[in-house]
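S.K.: Okay, here's what each chain looks like letter by letter:
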Amino acid sequence: MPDATLDKGKAQDEVIMETLDLTRVYPGITALKSVNYKVYRNKVNVLIGENGAGKSTMMRMLAGVERPSSGRILMDGEEVSFESTAKAEEHGVAIIFQELNLFANMSVMDNIFIAHEHFHKGVIDTKTEYQKAKELLENLDLKVDPHTMLGDLGVGHRQLIEIARAMSKDARVLIMDEPTSALSQAEVRNLFRVIRQLKEKGVTIIYISHRLEELMEIGDEISIFRDGMFVGAKHRQDASIAWIIENMVGAKKKQFDYHKAEYGEKVLELKDLTSFKETGGYQLDHVSFSLRRGEVIGIYGLLGAGRTELFNSILGLLEYQGGSVEMEGAALEGLSYQLRLRRGLAFVPEDRQKEGVLAIMSIKANMTMTQLCLIPFYQSLRPCNEHHERELVNGMIKDLSIKVSNMNLPVNSLSGGNQQKVVIGKQFLIKPKVILLDEPTRGIDVGAKQDVYQQIGKLAASGMGVVFSSSELDEVMALSDRVLVLAAGKITADIPREELDRERIIRASTPVKL
Amino acid sequence: MNNKYQIYMLLLKARTFIALLAVVLFFGFMVSNFITVSNLLIMTQHVAITGLIAIGMTLVILTAGIDLSVGSVVGLGGMIAGLLLTQGVTFGDHMLFFSVIEVIIIVMIFGGLVGLVNGVIITKCGVAPFICTLGMLYIGRGAALLVNNGSTFPNLVGLEELGNTGFAELGSGTVLGIYIPIWIMVVMTLIAIYITNKTPLGRYIYAIGSNENGARLAGVPIIKTKLFVYIFSGVCSAIVGLILASQLLTSHPMTGNMFEMDAIGAAALGGTSLAGGRGKVLGSIIGAFVIVFLADGMVMMGVSNFWQMVIKGMVIIAAVIIDQFQERLQRKVVLMSRTAEVTGGKESAA
Numbered sequence: 000m001p002d003a004t005l006d007k008g009k010a011q012d013e014v015i016m017e018t019l020d021l022t023r024v025y026p027g028i029t030a031l032k033s034v035n036y037k038v039y040r041n042k043v044n045v046l047i048g049e050n051g052a053g054k055s056t057m058m059r060m061l062a063g064v065e066r067p068s069s070g071r072i073l074m075d076g077e078e079v080s081f082e083s084t085a086k087a088e089e090h091g092v093a094i095i096f097q098e099l100n101l102f103a104n105m106s107v108m109d110n111i112f113i114a115h116e117h118f119h120k121g122v123i124d125t126k127t128e129y130q131k132a133k134e135l136l137e138n139l140d141l142k143v144d145p146h147t148m149l150g151d152l153g154v155g156h157r158q159l160i161e162i163a164r165a166m167s168k169d170a171r172v173l174i175m176d177e178p179t180s181a182l183s184q185a186e187v188r189n190l191f192r193v194i195r196q197l198k199e200k201g202v203t204i205i206y207i208s209h210r211l212e213e214l215m216e217i218g219d220e221i222s223i224f225r226d227g228m229f230v231g232a233k234h235r236q237d238a239s240i241a242w243i244i245e246n247m248v249g250a251k252k253k254q255f256d257y258h259k260a261e262y263g264e265k266v267l268e269l270k271d272l273t274s275f276k277e278t279g280g281y282q283l284d285h286v287s288f289s290l291r292r293g294e295v296i297g298i299y300g301l302l303g304a305g306r307t308e309l310f311n312s313i314l315g316l317l318e319y320q321g322g323s324v325e326m327e328g329a330a331l332e333g334l335s336y337q338l339r340l341r342r343g344l345a346f347v348p349e350d351r352q353k354e355g356v357l358a359i360m361s362i363k364a365n366m367t368m369t370q371l372c373l374i375p376f377y378q379s380l381r382p383c384n385e386h387h388e389r390e391l392v393n394g395m396i397k398d399l400s401i402k403v404s405n406m407n408l409p410v411n412s413l414s415g416g417n418q419q420k421v422v423i424g425k426q427f428l429i430k431p432k433v434i435l436l437d438e439p440t441r442g443i444d445v446g447a448k449q450d451v452y453q454q455i456g457k458l459a460a461s462g463m464g465v466v467f468s469s470s471e472l473d474e475v476m477a478l479s480d481r482v483l484v485l486a487a488g489k490i491t492a493d494i495p496r497e498e499l500d501r502e503r504i505i506r507a508s509t510p511v512k513l
Numbered sequence: 000m001n002n003k004y005q006i007y008m009l010l011l012k013a014r015t016f017i018a019l020l021a022v023v024l025f026f027g028f029m030v031s032n033f034i035t036v037s038n039l040l041i042m043t044q045h046v047a048i049t050g051l052i053a054i055g056m057t058l059v060i061l062t063a064g065i066d067l068s069v070g071s072v073v074g075l076g077g078m079i080a081g082l083l084l085t086q087g088v089t090f091g092d093h094m095l096f097f098s099v100i101e102v103i104i105i106v107m108i109f110g111g112l113v114g115l116v117n118g119v120i121i122t123k124c125g126v127a128p129f130i131c132t133l134g135m136l137y138i139g140r141g142a143a144l145l146v147n148n149g150s151t152f153p154n155l156v157g158l159e160e161l162g163n164t165g166f167a168e169l170g171s172g173t174v175l176g177i178y179i180p181i182w183i184m185v186v187m188t189l190i191a192i193y194i195t196n197k198t199p200l201g202r203y204i205y206a207i208g209s210n211e212n213g214a215r216l217a218g219v220p221i222i223k224t225k226l227f228v229y230i231f232s233g234v235c236s237a238i239v240g241l242i243l244a245s246q247l248l249t250s251h252p253m254t255g256n257m258f259e260m261d262a263i264g265a266a267a268l269g270g271t272s273l274a275g276g277r278g279k280v281l282g283s284i285i286g287a288f289v290i291v292f293l294a295d296g297m298v299m300m301g302v303s304n305f306w307q308m309v310i311k312g313m314v315i316i317a318a319v320i321i322d323q324f325q326e327r328l329q330r331k332v333v334l335m336s337r338t339a340e341v342t343g344g345k346e347s348a349a
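Top to bottom, those sequences are chains W and R.
Following numbering that gives the first Met the number 0, the numbering of the first sequence begins with 0 at its first residue and continues without gaps.
Following numbering that gives the first Met the number 0, the numbering of the second sequence begins with 0 at its first residue and continues without gaps.
Just so you know, these hints were derived from the structure itself, not from any lab.
Even glycine gets a Cβ: it sits at the ideal position worked out from N, Cα and C.
A few of these clues could be false.
Label-pair distances were calculated between CB atoms; the ranges are [as the list claims (entries may be wrong)]:
(1) W:Gln-378 - R:Phe-305: 49 to 57 Å
(2) R:Thr-35 - W:Tyr-377: 42 to 50 Å
(3) W:His-387 - R:Leu-175: 35 to 43 Å
(4) R:Ala-317 - W:His-387: 37 to 45 Å
(5) R:Gly-165 - W:Gln-378: 31 to 39 Å
(6) W:Glu-89 - R:Gly-301: 55 to 63 Å
Only chain R is shown next, with the shape it has when bound in the complex:
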């Protein structure tokens, strides 16, 4: 009997991966050119967008927080990049232009600053993460619209004379035949896995999500750790803003709308508990694969946009139901074996 449960447990633990396989197989059969190298690469490039945000989101959720401002940071980050590339910064009569690398660094720092502000408001002013980042969602979106009065910055190719050409490489370039955004996702995933699994900081993150009071009394630097995760999340979002602006060579102020939802969904699909303390970065990445492949597959199948949303929502809820189920089963198995030990296996109440 216990063996049966162990197999269940194993299957449940690998559920995100199984879901991904199911999605790939299903669309592989239904859509003729779903499983081709070029299509998989293109879809993975889409995954990078959701995945990068999900990495930052996972760290935040592990501390039992949430970051709803990510989508707005994507939009605002893109707009700032557009502004810097097309108009530069004006000092009186002088106009200062930055190279592409400098623009990228500035936008990343900006994303980090938004995260810092989130973190300070949450830790120092005691505002709930949900409310604080919800406010920041509005502020960020409004600011993105204000940058160019609601208009886009088109044609971000740069000018040879200004030395700011080549922005397109970031989003559409390849290294070893693989799109750069995918590489960025891989690098950021490795960094986040290193942090969560190998460093004291990672322990702090899990400790805060596990039991904030206990963590505080153990001496965990709660404020600094929380600041770190919100900054990290902000930087991840800013990178996504840059990638999207680069891919389209346009910054649009509404870019990134609702991205926070996909990121939270990816984390939840990957087994990250919104109560904090439980979850893995890699799980969220697989979750992002599931969400994006599912969406792309449905597009290729010609499923209507409206149905896509309904199905996406159902998948996320189903994932969390399974997650709860796994936890309960796990507890039940432990209790059953303990009860059997104690009573000599006589009986066990449900």
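Isolated chain W, as found in the complex:
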């Protein structure tokens, strides 16, 4: 039950939206359980919670992107049913997704008015649109001509174009899902200024983030979600960071028994790995480091710092223009991804749904897939050894404590955390020499994270080299023997475990603005 710390005497008309027992289930996971949540009029309503806590699901239902499995949504005290985003927009609710929904090949103006164009005699009225777009942009202090191609704008500006689009629909409630995740400090400042402006104009904001400092700065009402439940709300003045963390993480405190593994010889070495962006600048800027057997390297960096590019380069999935990758002293250049896997590399990709799971295949087929891929192709017509497969999969299910009733069920019948364990297990099964994990705990619950941490520790102890990336500072600090901080494609800090220090890491991760 949500605790009733919020002041009961608050007049009802301060609440613009409210949910009653809102529940949303997916085949493998319950994203929200009976949530009663209030959105206060003309405030910045902040939602905070760990990955997978249900914040985004909540917002998707408030904006009509998805429909609840059960429960009701009230707006201005009346029940509403948002079958679609269009319906939600009629009621003045607009959402800006973390991944912006814009069209780079169209002009700013076309983007703002897409799907609700202004017409004059049956054709698009570009004059009115230009005029209105100009006004909207000026209101946001954005000095961009409406005819500019969206593709020519940076991420920060694009975010504001999304806001302009929402404003053009006369949004009264604006939902922003992690709006700052791709922004620089300066852009964040600007966004906050715009948010305050919107508030003055009477717009209610719902703001999702997991950056604490930001929330304390911009938020008025702070609500916390955990494991699909609403666990508490407070006014900003009454909330403390300690209270937020306590409620976010819950009773299951992150514990990880760190044991330093014995280091063996050097197994992976990067020398001046460099790749360029098509648009100029570096994707990877002379990245060099080496990994020993038994060592766990954590890579910390903000979104877009080059973590995924780094992994993809090591794996041969992305071409690089300079430098080299060596495994056990032998250069990997010229080897395909598959051959690199055979040399003893393994990879857990960041995006579980798109790159990790083979959703409609069985848990067993998913787990043994990589292993089956290491045989020469001509052997692929020999029958699979199902008995052996079952044994391997059973072992891995036990090791990672995956909750499955039957390994022949499709993998998407599992919860997100268990799916991720399957993806990880798939790579563990091939007993690699080096394993690269890109955000291995993204979107999974605390318990599942523990299991993943334990397993990573065990693998390192068995002499495997581990490189993982994470955007959770605590995770990087808890797990790593050494932390590399990546910012704008460059390693800006290389800190051994003994000297780990939050502030130093965060400072190193923020690209210096020119």
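Got chain W sorted already, so can you dock chain R onto it with the hints?
M.R.: Only chain R this time, still in chain W's reference frame:
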């Protein structure tokens, strides 16, 4: 309530089979000699034509691809067989004739080569399977017409002196009273079932159709697997070309026209998703039975050719609608039971 849904689900899963039963029963009543051993054997021999192509097509569709060139390969394969049997290969003054077995092997290899070309263009040049095989459909048909300048190769009986007699056996011969094409279909079905269910290659095929990106990162040899399925499809089509030429003892350049449509229809009827990753070879074979029995039954009833096409089309669309319905129902049942678990069965929104 859940029991009711489970029965629905079961019925929906067996829908292709139920459709086949319905077709057999319907025509059994309407047409006096529909259910006789000889008629069923003859119709099954027709099924073998569609079925063999559908096997290859199913493997291709499982990888989320499509092979539109199969009908043309049937025609071209038949024409090559006709050419080799009647005119042989000329080297200067010498003419070389092949035995029937050799001709069969050459044509099968040729079908595989067409598949290889499809596969290479699709995987290496990044051309969409639909477009690539559509192009190959035209090329194959044009080539089939070019082989003998638009004419047929009649009378493929061969000559005793050349040692190439007996071609008719392939299409019209029997073993244990059952036509050889039916045996070929059975063998190819078993091979395809073995591949899809038992081997790593089968896993690769499903993995690519399920999520190509994920499959690539899991290490699946995408290119080789795709080459395999297109080659397999080409070989299946070439076999059909041989069978048809053998049955008529004539190769006609327009043979196999529109066969790709029946094969895709059979796969869809059998529950193969055109989005890839979902479907079974056996389902496609049952689908082929439905399509062919339906067509033959209508012929026996005297339904006009035009109506036959309309009805065939409606059956295929209906099958896919039911398929979608099953998927949605399945998802709904899962969600309903999950919602009930979570809320204690209080309410559930539609």
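S.K.: Now, for every hint given, state plainly whether the structure supports it.
M.R.: So, going through the hints one by one against the coordinates:
{"no.": "1", "hint": "W:Gln-378 - R:Phe-305: 49 to 57 Å", "result": "holds, 52 Å"}
{"no.": "2", "hint": "R:Thr-35 - W:Tyr-377: 42 to 50 Å", "result": "holds, 47 Å"}
{"no.": "3", "hint": "W:His-387 - R:Leu-175: 35 to 43 Å", "result": "holds, 38 Å"}
{"no.": "4", "hint": "R:Ala-317 - W:His-387: 37 to 45 Å", "result": "holds, 43 Å"}
{"no.": "5", "hint": "R:Gly-165 - W:Gln-378: 31 to 39 Å", "result": "holds, 37 Å"}
{"no.": "6", "hint": "W:Glu-89 - R:Gly-301: 55 to 63 Å", "result": "holds, 57 Å"}
Checked against the numbered hints listed earlier, the structure breaks none of them; every hint is satisfied.
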